[in-house]
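Asks: The primary structure of each chain is shown beneath.
2 protein chains.
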Amino acid sequence: MKQLQQKAALVRKWSLISTSVAGSGHPTSCLSAADIATVLFDSYYTFDLKNPHELNNDRFVLSKGHAAPLLYTLYAISGAFPLEHLKTLRKIDSDLEGHPTPHFKYTEAATGSLGQGLSVAAGMAFALAQGKSANKKPNVYCVMGDGELAEGSVWEAANFASHYKLENLIAIADINGLGQSQATMFNHHIKEYSNRFKAFGWEVIEIDGHNLIQIDNAFAKATKNKSGKPVAIVAKTEKGKGISFLEGKDGWHGKPLKNEDLEKALKELGEVDDSLKFTLKKPAAGPAARQPQNSPTGLTRPGPHSGAPRLASPAVSYKLGEQIATREVYGQVLAELGKHDEAIMALDGDTKNSTYSMDFLKAFPDRFIECFIAEQNMAGVAVGLSKLGHKPFVSTFAAFLTRAFDQIRMAAVSQSHITFVGSHSGVSIGEDGPSQMGLEDIAQFSVIPGSTVLHPSDATSTAKLLAHLPGQKGISYLRTLRPKTSVLYSSDEEFPIGGSKILRESKKDLLTIVACGITVHEALKAYEILVKDNIHVRILDCYSLKPIDNKTLKDSLVKTKKKIIVTVEDHYEHGGLGDLVLSALAKENAHVEKMAVTQVSRSGEKDELLKLAGIDAESIVKRVKSLI
Amino acid sequence: MKQLQQKAALVRKWSLISTSVAGSGHPTSCLSAADIATVLFDSYYTFDLKNPHELNNDRFVLSKGHAAPLLYTLYAISGAFPLEHLKTLRKIDSDLEGHPTPHFKYTEAATGSLGQGLSVAAGMAFALAQGKSANKKPNVYCVMGDGELAEGSVWEAANFASHYKLENLIAIADINGLGQSQATMFNHHIKEYSNRFKAFGWEVIEIDGHNLIQIDNAFAKATKNKSGKPVAIVAKTEKGKGISFLEGKDGWHGKPLKNEDLEKALKELGEVDDSLKFTLKKPAAGPAARQPQNSPTGLTRPGPHSGAPRLASPAVSYKLGEQIATREVYGQVLAELGKHDEAIMALDGDTKNSTYSMDFLKAFPDRFIECFIAEQNMAGVAVGLSKLGHKPFVSTFAAFLTRAFDQIRMAAVSQSHITFVGSHSGVSIGEDGPSQMGLEDIAQFSVIPGSTVLHPSDATSTAKLLAHLPGQKGISYLRTLRPKTSVLYSSDEEFPIGGSKILRESKKDLLTIVACGITVHEALKAYEILVKDNIHVRILDCYSLKPIDNKTLKDSLVKTKKKIIVTVEDHYEHGGLGDLVLSALAKENAHVEKMAVTQVSRSGEKDELLKLAGIDAESIVKRVKSLI
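Protein chains in written order, with this note's numbering: chain L, 663 to 1290; chain F, 663 to 1290.
Hint data in this document are derived by calculation from the structure and do not stem from the laboratory.
Mixed in with the good hints, there may be bad ones.
For chains that are exact copies, the list does not tell them apart, and a pair is met inside one copy or across any two.
As the list claims (entries may be wrong) - Calculated pairs, DSS-like style, for lysine-lysine (alpha carbon to alpha carbon, straight line, at most 25 Å):
#: 1; residue 1: Lys1273; residue 2: Lys794
#: 2; residue 1: Lys1213; residue 2: Lys1249
#: 3; residue 1: Lys1170; residue 2: Lys1216
#: 4; residue 1: Lys1284; residue 2: Lys1273
#: 5; residue 1: Lys1268; residue 2: Lys886
#: 6; residue 1: Lys1146; residue 2: Lys920
#: 7; residue 1: Lys798; residue 2: Lys886
Build out the structure end to end from the sequences listed, making use of the hints.
Replies: See the structure below:
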C-alpha cells in the first residue's frame, strides 16, 4: 500500500512537472484521477507495451483528454519511455501533445472534444467481445470527467453499451466537482451520476476516488463482472488532489504551476522514487477476437488500415436505362463486398430500410450494428471499430450526419478510416421537406482534411465507386439519392476516385455543364433541349468531388468556345460542387457559373423542388442561353 | 367522455385522410399520439389562435415532427382553418409541410430532425417562467417519440430542464415501441424511460396513452405541478392505434394508406362528426413575461426579430497598437450592448472564462444562461429564446460548435435569429492541439442559407461588428481569436457587414493579399518584408466573409498589375475564406491562390504552427515571390 501511494505520488509529480515545463496544460485534472489510474496500471491493466496493436490487450481510452499528461506519465512509469521525455510535453516535435493524438503510439483515439471517449470505448468493447467467452474478453477502460457527463453523446453511448451488454466496458467517472469555469452541474453529488448510469442499465460502483483500497476493490469487482451490463465506477474525487493549495480549489482549471508553486507542490509530495515502475500484466496468448480477413495473423490487429483486396467490379451489374436509386445500390453492393472482405461492418441509425444498409444486415447479421437514433455515438463506435482494424460503413440520412460533425472531425484527428454514407441528399427527396434534406453534407465532409467525397448519379457508378471504399484511407463520404435514376453507364466502365465522366461532347461545345448526382440527369435533359436549338454543350459527371478531376475540368475549359463552366448541384451554394470546381480552377482564370440551392427548401414534389431551387433542366437551359 | 372519444376519432380520421391524399407521410405516428393530443387540446392547452405570439399562451412543440399531420389536424379542429385544407398536406403551395416549419404559423419551431424539440421547449419554458409566479407561468408542452429518446440531445435538455427547475415544462413521451426500421431499443418497456427521466431529476407520470381518463389525470397533475421539477408523462401507446390492421404493426412507418385501406380504416372509426371542435382556453390577460425592450407592448411578443436599436459605436474603444484578444473584446462589448438592448441574452457551455462571455454574466446575471458542456442543447435553447423575441448570443470554442451543426441547420429552418460566437479558432490557439482548434467553422456557418459570417482581426473591428449583430437576421457567426493581436483601426472607422478594409495599397501593387483574423497580422508582416524588396502588394482585411465585399475584391483584381488574389486563412482549405473569395470572383476570370491549413495540426507554439501550416508571414512572402 505504501508503495502504491508512492507510485501515485510519482504520477502526480510528473503530471505537475510536465505541465510546468510546458507552461500550459491541466495538472489539476490529472491529479483528481491519479489514484484511480495508479491502481489500474499497477494491478489490472493488461497490455503488451511491445505490441500495442495486440488484440488481446486491454484498451485505455482517456475521454477527458485534457488530462493527457496523466496518460503519458502512466506509460512512462510503465517503462514505455524515460520520465525525462515528459518534459517535451506540448512541444512541436514531441509525440506528447496537449490532448492525446495518434502521434503518441499508445493513444487509442484522439480525445479532447469532451464526451466522445465512451462511444469509442464502446465500439472497441463491442469488437473485442465478439465471439469470445466472458473471461477471455479484454477490458476497455474509459476515464471520463464529470464536466463531460453533460454531453448527450455520453448517454447515447451508455444506452448502446447496456443494450449490447458490453460487460467488458469499464467506465470510470472522475467526479471532481469542478468544470472549466465553475462547479459542474452536480458538484460532488455523485448519486446524481450513479442514478443516471443505473437508469441507463449499468452496474455502478461508488467509491472515494482517493481511497486506494476502495479503488482496488472496485476494479477487482469490475474486472470479474459477469452481470451482462457495463460497469461504471463513479468516483468522488478532488481536483488538484494531493497538493494543499490546489485541492478542490476553483480557478485552477488548465493552469500549470509556476516554478515557485511547483517547488512547494513537490515538497508536499515528499521524496518520490523516480525508479518506481508499473509492471503491466501481459495479455494471455491465444486466438484473438474476430479478426478481419486481411490481417496476416490471428494475433496482431492489422494496424491502421491494412488495405483490403479491392474489387475492381462487384458482382452486381445494372442495365442501361434501368431505374434504380443509388441508395438501393449501396445496400446491394455493400452486401456483395462483405463477402470478400470480412473487415467490413455496417452501422445504421434506425434508417436501414431507407439507406438500404438492411441488405448488409440480411447478409451478415453479425457484422451489422443497429445504433438506433444516436448518430454521435454511431460515429464514435465507428472510430473504435476502425482503430481495431475493422472497416465501418456508417449510414443514415445525409442531413443527420450533421449531428455527428464533431465526432467526424475527431475521427480524422484519430486517423481512423471510416466510410459515411448519406442518403436522402438534396431537395430531390421531395415531400418530407427541409428537415430531411441533406444540403450541407458536401461542405461538411469536404472540409475534413484528407477526406474523399463521392456523389455518383447512377447505379453503375455507385457500385464501382463503392468497391474502392473499403481500401480508402481516412474519412470517406458517399452521397446517395432517394429517387430512382436511370442507369447511365455500362458495367465495363471504370470509375476511379478522382475521375469524372464526359457524358456529352462535340467540337462545337460552347461551354461545360458540370453536375453530380441528380443534376447530372437534369443536365442531360437540358442538353436535349439545347441541342435542338443547335446549342452544343459539354456535360461532365463530376462524381468524385474530392479529390476532383482537375485535369478534365481544365481540359473542358480550354476545349469549349466560351470557356465557361456551369456547375449545377443539389446542395447549398457554399462549400459544394461549385466551390470545389472553383478551387480546382483557381489559377486558371476561369469563368464559373454556380447553380445551387440558395434558400431553405420546402415540401413538394421532386421536380417542383428542383425547379423552385433553380437547378432543374429548364433553369440550366435558361442559364446557358443567358451566357452565349 | 363519449364526445372526447369522438374528437380523438376525428383527429385520427384527418391524420389518415391528409396523408392518403398527400400520398406520403406518417399516419401511424400520428395515431399513437392522437388520444394524448386530443385531451391536451380539449381541456388544457391555453392558446389565443388570433394572437399566436401572445406571451401568455402555452406553447406546443411537436418534437416528433413526422407526426405533422396530427399537429395540423389539432389546429384545424381548434378552428384555425377548415378541415378540407388538410388535404393540401405536403403540396408545394401549402403551409402544411411534411414536417412542421414556420410556413405553418402555429409552428413553434421546425422539427423533423429528431431529439431537438425538448431543447427548444426548455428554452421557451425558461424564458416564459422568468420573473413569473408559479401559477402564472404558461406551460410548454413537448411531444416526443420513443425513437428520438435515443438522441443524446434529449438528455442534455433533460439535465438543463431539471437544473433550472422548469416546472412549466411538460414533456409527453409517446412510447409506441416502434422505430422506423424496427422496434425501438426498449419497445414497450416504459419503465426504462421513466427511470431515465427520474434519474435526470424529473417528475414522472406513467400512463396508458390511450386511456382518456389516465391522460386527463396526468395533465391535471402536470399543470398543477409545483414540484420545482419538469414533468414527463411517459405514455405507453400503440403505433397506428385505433385501426386494427395498423395497430402495433411493424412495417407501417412513414406509409400512408392506399384508397382501399383508407376506406377500411375510416369504416373502423365509424361515423365521425366533422363539426366537432376544440375550444381552446384563452390565456389570462396581464403582464407578460419579461419582455425584450424593443417590443412595442407588454403583451405581444415582438414576432420574429423585431430589430434592435443598433449601436453605431459601442462605448468601448481601443488604442491603436494595444494588444488585446478579440475574444476579450467580445465579452467587454456584449456587456456594453446589453445595457441598450434588453433582448440580448448570453449562453455559454462552461467556457465563459475562455470566450469571455463571463463579462456579460457579471453585468446581467439574469440574462446569462450557463448551459454546461452540452452544445446541442445550448443551440436548441437559443432557438426557443429567439422564437420568443430574445436575442441569444451563444458562445463556446469554435471547434465545439461543430457539435451543434444539426441544431444550427434546423435553427435556420426555424427562421430563428441567433448569433454564435466561436473562440479559439485556427491553429493560432497553439499548444492545446487539434481537438481544440476551430478549423471547419467558416465552412459550417457559410453553408447555412442566409447566414452572416464575420472574422475580425482586431479589437476595434470586433467591437464595431458586434454592435450590428443584435439587429442581424438569421444565423450569424462571429469568429474570435485566442491570442492577443494589435489594434489596427481607430475607433472612428466603420465596419459595415459586407465590407472589408484595405490596409495597404499603392499604385505599384502587383497583387492583393486577402486575409482575415490572425492572418491579417501575418499579411502585414509579409508586407513589411516585401516592401523592403520593393515588392508592392495590396492588403485586404476581409473581416466580413459572408456577405463578402465583392466590389472591393473585384476592384483589387483590376487595380493590381498581376491580377492575382492570394487568400490566407487559418482554416481548412475547403469552404473557408479562399472559397468564398473564389465564389465572389467566379465570373471574373480571376487567378486566386489559396493558402490555408491542409492537414490536421498539432501541439506547438502559435508561431510554429502558423509556419507549419504555411500561413505565416514568411510563407506569404515566399508565395508572393513565386508569383511575380
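Asks: What label fits Lys1213 with Lys1249 when the C-alpha limit is 25 Å: within, between, both, or neither?
Replies: Close inside one copy (13 Å) and across copies (20 Å); limit 25 Å.
Asks: Evaluate Lys1146 and Lys920 at a C-alpha cut-off of 25 Å and name the case that applies: within, between, both or neither.
Replies: between (65 Å within a copy, 21 Å between copies)
Asks: How do Lys1273 and Lys794 come out at 25 Å by Cα distance, when the copy is not named: within, between, both, or neither?
Replies: neither (55 Å within a copy, 49 Å between copies)
Asks: From the Cα coordinates, with 25 Å as the cut-off, is the pair Lys1284 and Lys1273 best called within, between, both, or neither?
Replies: within (12 Å within a copy, 47 Å between copies)
Asks: If the cut is 25 Å between Cα atoms, do Lys1170 and Lys1216 qualify within a copy, between copies, both or neither?
Replies: within (17 Å within a copy, 31 Å between copies)
Asks: Regarding Lys1268 and Lys886, is the shortest C-alpha distance of 25 Å or less found within a copy, between copies, in both, or in neither?
Replies: neither (57 Å within a copy, 47 Å between copies)
Asks: Within, between, both or neither: how does the pair Lys798, Lys886 come out at a Cα-Cα threshold of 25 Å?
Replies: Close inside one copy (11 Å), not across copies (54 Å); limit 25 Å.
Checked against the numbered hints above, the structure breaks hints 1 and 5 and satisfies the rest.
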